[in-house]
Amino acid sequence: MSATLETTKEITILFAGDSGDGIQLTGTQFTDTNALFGNDLSTFPNFPAEIRAPQGTLAGVSGFQLHFGSIEIFTPGDECDALVVMNVAALKANLKSLKKGGIIIANTDGFDAKNLRLAKVESGVSPLEDGSLSNYKVFPIEVTKLTRECLKDSGLGTKDIDRTKNMFVLGFVLWMFDRNMDHTVDFLKEKFKKKPELVEANTKVLKAGYHYGDTTETATTRFSVDKAEMPKGTYRNMMGNQATALGLIAAARRSGLELFYGSYPITPASDVLHELAKHKNFGVKTFQAEDEIAAVASAIGASFGGALGVTASSGPGIALKGEAIGLALMLELPLVIVNVQRGGPSTGLPTKTEQADLLQAVYGRNGEAPVAVVAAATPADCFNMAFEACRLAVQHMTPVFFLSDGYLANGAEPWKFPTEDELPSFKGNFATPSDLKDGEYLPYERDENLVRKWAIPGTLGLEHRVGGIEKQDGTGNISYDPDNHQHMVNTRAQKVANIAKNVPLQDIELGAKTGKVLVLGWGSTYGAIKAAVKDLTEEGHSVSHAHVRYLFPFPQNFEEVLRSFDTVLIPEMNMGQLRMMIRSEFLIPAVGLNKVKGIPFTKGEIKDKVLELLDQLIK
Amino acid sequence: MAEVLNGAMTAKELETDQEVRWCPGCGDYSILKQVQKVIPELGIKREDIVFISGIGCSSRFPYYMNTYGMHSIHGRAPAVVSGLKSTNPDLSVWMITGDGDALSIGGNHLIHLLRRNFDINVLLFNNQIYGLTKGQYSPTSEEGKHTKSTPMGSLDHPFNPAALCLGADSTFFARSMDRDPVHMRDVLLRASQHKGTSMVEIYQNCNVFNDGAFFGFTDKETKKQQTLFVEHGKPMIFGENNEFGIKLDGFTPVIVNMDSASADDLWIHDEKDRGKANILARFYGNPASEGELPRPFGIFYSEDRACYEDLLVKQVETAKEKFGDGDLNALLRGKNTWTIS
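In order, the protein sequences belong to chains A and B. Under our numbering, read the first sequence as residues 1423 to 2041, first letter to last. Under our numbering, read the second sequence as residues 402 to 742, first letter to last.
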């Protein structure tokens, strides 16, 4: 008997297991397969900070959530339709996010006495057998046993054989959700191209998993999700950190500058370094510095020499870079600082997401030190905003922060990628010997936007000195003159404020241009807010969504947009940082929805808050 | 390399219009003068020269050199020069630092600069005191030193810069002093010719907060007894009338009286010998004390080793040869796409 195929509009599936079970890879493969099929999608990998956390324990559970559909998808999904668990700990940690009646695909070999003990199941009875899962559709599969059986003649050791068991699960999932194995087979060929025996073993296990679904009567229903109706064009799947790296390379190419990337490894920013290091044929120079301070200082040195200096880190590393960012501001050199935010303070939650470094970016330096700040809304948007950070830094000769976060960094979505010609081009305004006046060069002479020129060492006649000490405007010579300091502080503030003239106006993402509630977001809350506001507008509520990408300075029409609504609600994965900025800048009594749990907002949380506000407005 | 313009630039042309603001009598003046004298002899165009400093008295130096310059932040000059040299390998880059800047707040960066061996000239002005902050002990101050921050005497064991740098696999280490301009000139010339990080420690007198720290090495009465000027291929001889020599007894340096020894028995200085350079670096006691070794000056060690920036450029070239000049459209497109029509 073959299973019936049921068509559905969207599926949320969560893969979970030990952090050594290959969960992230399984999730990524299934994601790519769906992306290539033509679904819209959003992902949320969630893993412990430890590389190989204690096996079988709740603390060691790694998860990968995928939401894909034939409709527009904004978030990785609030609740799951299907849960794939490699052991009892994975089930225990994630059952709460499974819908009633949802599917559980369980590796029964991860439910033995040892695993029950490790996962602290006090009764000692497997939940697969105690009736507690009667509200779900459970598919228990002896994955480990079947994988070993499949490869018993392969000549591989047990350890190697067991490492392929995620392919069995993937095969079964591909069958259950009506997808073919082609992409994964190609992937395995590429990944193990130097070890053909592993290509063969993994492919064999993958197929075994697929056919297991097909030939056994485990499941009577399969699910199919049609292609999504997305704007015409060619797409690829894109993750946030990769998009950031590509945005930097594209900006270097479109400005004709050499990209220098000084960085010190830190979660969750390191993948940007890894990606850039692969592309030295673009003239990219990556420098793994001895520490965070050297990373930023080397980027400043590169910028002084006429390159596009970029550094990246996460919160703790950004804290260390503070003094040097102030130096870049004083030197008036381009510098891009990428902060892939994670849970803080201090070491905080390295692998979890948060948006609590906004005030650090905007205000976190000694002295009056304005630095421009932009932020990406979605994984693929990291490309646009990393590019924008470079453009603004070069055009305004000033440091610019680009804020991403752990959720964007590791999340993925379909990306209708641009071609080179579709990207804007921009140029550094380099000084030449023609800028000499009576044989003298004034390094701090400014244009109408108060921007100085970039005078590169090696250029005849433009020898000049710059430094972190307060300087006389024009000459750049050291000056302790009181009026000059006031003048320079005002000048630097105005210079950064002028950036607002060079960024797009704030638009309304969804909903009317005026109304009762504006849900204002920044960064990775985009998907959850958009999904919530879409539901609410369809239900007839007066709610709109605006998402601000230019956080300092704000777009020129920003206040006007905010004042077009009775109430402004700002959901943030912090305790109210943008809200504080909006209140202090515009005296608008914005309301916060704040959460710092290391996980993104759900659509439901935002909807509930908006409905509560609408209710209050009526009263 | 930069184009050679022999003698086209004078020391005078390297001065800026900025008033030099070190304290009257500071040893820094002598170093500035020698650098301005030496640079025109190098045949490097002025626009290709960059001076980068950190923070401290010495670090004001770039403002007095009519070249490109940056007065950066405390301790971080090694990182700034690393980035600059990575992207502009042809520039002649000089890093000016002090004992606090290089060995305390910037200690980490210094050792990494040395192991990477960027082609930089580092002038470390060692005055064994914090001058700009008005007189606290530094990482090279002697144990027990009484300063404003150590009224009962410093508890810190001092760094030995020569041993530290050689320990970090520095490819060039030399020592000179402000009060011996002729020697300093020679050392600076050699340092600038060395391809790699040329580390020059210069004893510099802070006449306000640590006056006379090095007088034993500079005063006529004591200089010849307390110093040892090493030269490649020459025996190690010192003393008022060259009456003492240094001999190696296994790994142990021993002072011998030349009355009872011949030059052939002595340690012949070899700049290329890392092992012996490490022994020389350990001549660090107080030479005024009975039986202590004299303090060495000159080039301790010089080695040819690939420079980071050259390797980096080569890697970029190799990547271009292997994968072709970067094609942005192909990169943006990636390997797996799907089309919605």
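Careful: at least some of the hints might be erroneous.
Stated by the list, open to error - Derived DSS-like pairs (lysine-lysine); straight-line CA-CA distance at most 30 angstroms: (1) B:K434 with A:K1702; (2) A:K1626 with A:K1615; (3) B:K723 with A:K1617; (4) A:K1700 with B:K446; (5) A:K1700 with B:K723; (6) A:K1859 with B:K736; (7) A:K1617 with B:K438; (8) A:K1849 with B:K434; (9) B:K736 with A:K1838; (10) B:K723 with A:K1859; (11) A:K1956 with A:K2041; (12) B:K715 with A:K1700; (13) B:K736 with A:K1617; (14) A:K1654 with A:K2019; (15) A:K1938 with A:K2031; (16) A:K1859 with B:K434; (17) B:K413 with A:K1700; (18) B:K535 with B:K596; (19) A:K1431 with B:K736; (20) A:K1574 with A:K1521; (21) B:K596 with B:K413; (22) B:K736 with A:K1654; (23) A:K1613 with B:K723; (24) A:K1849 with B:K721; (25) B:K413 with A:K1613; (26) B:K721 with A:K1611; (27) A:K1702 with B:K413; (28) A:K1567 with A:K1521; (29) A:K1581 with A:K1617; (30) B:K736 with A:K1615; (31) B:K596 with A:K1613; (32) A:K1702 with B:K438; (33) A:K1859 with B:K446; (34) B:K736 with A:K1616; (35) A:K1611 with B:K673; (36) B:K721 with A:K1838; (37) B:K736 with A:K1629; (38) A:K1521 with A:K2031.
Because the hints were derived from the structure by calculation, they are not lab data.
Hint check:
1. With a C-alpha separation of about 42 angstroms, the suggested pair K434 of chain B and K1702 of chain A falls outside the 30 angstroms cut-off, and the hint is violated.
2. Taking the CA atoms of K1626 of chain A and K1615 of chain A, the gap is near 16 angstroms; set against the 30 angstroms cutoff, the hint holds.
3. With a C-alpha separation of about 23 angstroms, the suggested pairing of K723 of chain B with K1617 of chain A holds against the 30 angstroms cut-off.
4. The straight-line distance between the Cα atoms of K1700 of chain A and K446 of chain B is roughly 36 angstroms, outside the 30 angstroms bound, and the hint therefore fails.
5. Distance restraint check for K1700 of chain A and K723 of chain B: the Cα-Cα separation of roughly 12 angstroms lies within the 30 angstroms cut-off, and the hinted pair is therefore satisfied.
6. Under the criterion of a C-alpha separation no larger than 30 angstroms, the hint pairing K1859 of chain A with K736 of chain B is inconsistent with the structure, at around 53 angstroms.
7. With a C-alpha separation of about 63 angstroms, the suggested pairing of K1617 of chain A with K438 of chain B is violated against the 30 angstroms cut-off.
8. About 40 angstroms separates the Cα atoms of K1849 of chain A and K434 of chain B, which puts this hinted pair outside 30 angstroms; it is violated.
9. Proposed proximity of K736 of chain B and K1838 of chain A is supported: the alpha carbons are some 14 angstroms apart, at most 30 angstroms.
10. As the CA atoms of K723 of chain B and K1859 of chain A are separated by approximately 47 angstroms, the hinted pair breaks the 30 angstroms bound.
11. About 24 angstroms separates the Cα atoms of K1956 of chain A and K2041 of chain A, which keeps this hinted pair within 30 angstroms; it holds.
12. Distance hint between K715 of chain B and K1700 of chain A is fulfilled; the C-alpha atoms sit about 15 angstroms from each other, no more than 30 angstroms.
13. For a cut-off of 30 angstroms, the pair hint linking K736 of chain B to K1617 of chain A stands: about 21 angstroms separates their Cα positions.
14. Restraint check: the Cα-Cα separation between K1654 of chain A and K2019 of chain A comes to about 38 angstroms, which exceeds 30 angstroms; the hinted pair is violated.
15. Pair hint K1938 of chain A plus K2031 of chain A holds up; C-alpha atoms about 13 angstroms apart against a cutoff of 30 angstroms.
16. Pair hint K1859 of chain A plus K434 of chain B holds up; C-alpha atoms about 29 angstroms apart against a cutoff of 30 angstroms.
17. The straight-line distance between the Cα atoms of K413 of chain B and K1700 of chain A is roughly 48 angstroms, outside the 30 angstroms bound, and the hint therefore fails.
18. A hinted pair counts as satisfied when its Cα atoms are at most 30 angstroms apart, and K535 of chain B with K596 of chain B does not qualify at roughly 36 angstroms.
19. Among the hinted pairs, K1431 of chain A with K736 of chain B is consistent with the structure: their alpha-carbon atoms are about 27 angstroms apart, no more than 30 angstroms.
20. This hinted pair does not check out: K1574 of chain A and K1521 of chain A have alpha carbons roughly 38 angstroms apart, beyond 30 angstroms.
21. For the suggested pair K596 of chain B and K413 of chain B, the alpha carbons sit about 27 angstroms apart, so the restraint of at most 30 angstroms is met.
22. A distance of roughly 19 angstroms separates the Cα atoms of K736 of chain B and K1654 of chain A; the hinted pair therefore holds under the 30 angstroms criterion.
23. For the given pair, K1613 of chain A sits about 20 angstroms from K723 of chain B by alpha-carbon distance, which is consistent with the 30 angstroms threshold.
24. Using a Cα cut-off of 30 angstroms, the hinted pair K1849 of chain A and K721 of chain B holds, with the two alpha carbons roughly 24 angstroms apart.
25. Restraint check for K413 of chain B and K1613 of chain A: not satisfied, since their Cα atoms lie roughly 63 angstroms apart, outside the 30 angstroms limit.
26. At most 30 angstroms may separate the alpha-carbon atoms for a hinted pair to count; K721 of chain B and K1611 of chain A meet this at roughly 26 angstroms.
27. Only pairs whose Cα atoms come within 30 angstroms are accepted, and K1702 of chain A paired with K413 of chain B is rejected, the gap being roughly 43 angstroms.
28. In summary, the hint linking K1567 of chain A to K1521 of chain A is supported, as the alpha carbons are separated by about 29 angstroms, within the 30 angstroms threshold.
29. For the hint pairing K1581 of chain A with K1617 of chain A, the CA-to-CA distance comes to about 16 angstroms; that is within 30 angstroms, so the pair holds.
30. For the suggested pair K736 of chain B and K1615 of chain A, the alpha carbons sit about 16 angstroms apart, so the restraint of at most 30 angstroms is met.
31. For the hint linking K596 of chain B to K1613 of chain A, the alpha-carbon distance of about 42 angstroms lies beyond 30 angstroms, and the restraint is violated.
32. A distance of roughly 41 angstroms separates the Cα atoms of K1702 of chain A and K438 of chain B; the hinted pair therefore is violated under the 30 angstroms criterion.
33. With a CA separation close to 21 angstroms, the supplied pair K1859 of chain A and K446 of chain B stays within the 30 angstroms bound.
34. This hinted pair checks out: K736 of chain B and K1616 of chain A have alpha carbons roughly 20 angstroms apart, not beyond 30 angstroms.
35. Distance hint between K1611 of chain A and K673 of chain B is unfulfilled; the C-alpha atoms sit about 51 angstroms from each other, more than 30 angstroms.
36. A threshold of 30 angstroms between alpha carbons decides the hint, and for K721 of chain B with K1838 of chain A the separation of about 27 angstroms falls inside it, so the pair holds.
37. Pair hint K736 of chain B plus K1629 of chain A holds up; C-alpha atoms about 24 angstroms apart against a cutoff of 30 angstroms.
38. Of the supplied pair hints, the one linking K1521 of chain A and K2031 of chain A holds, its CA atoms being roughly 22 angstroms apart against a limit of 30 angstroms.
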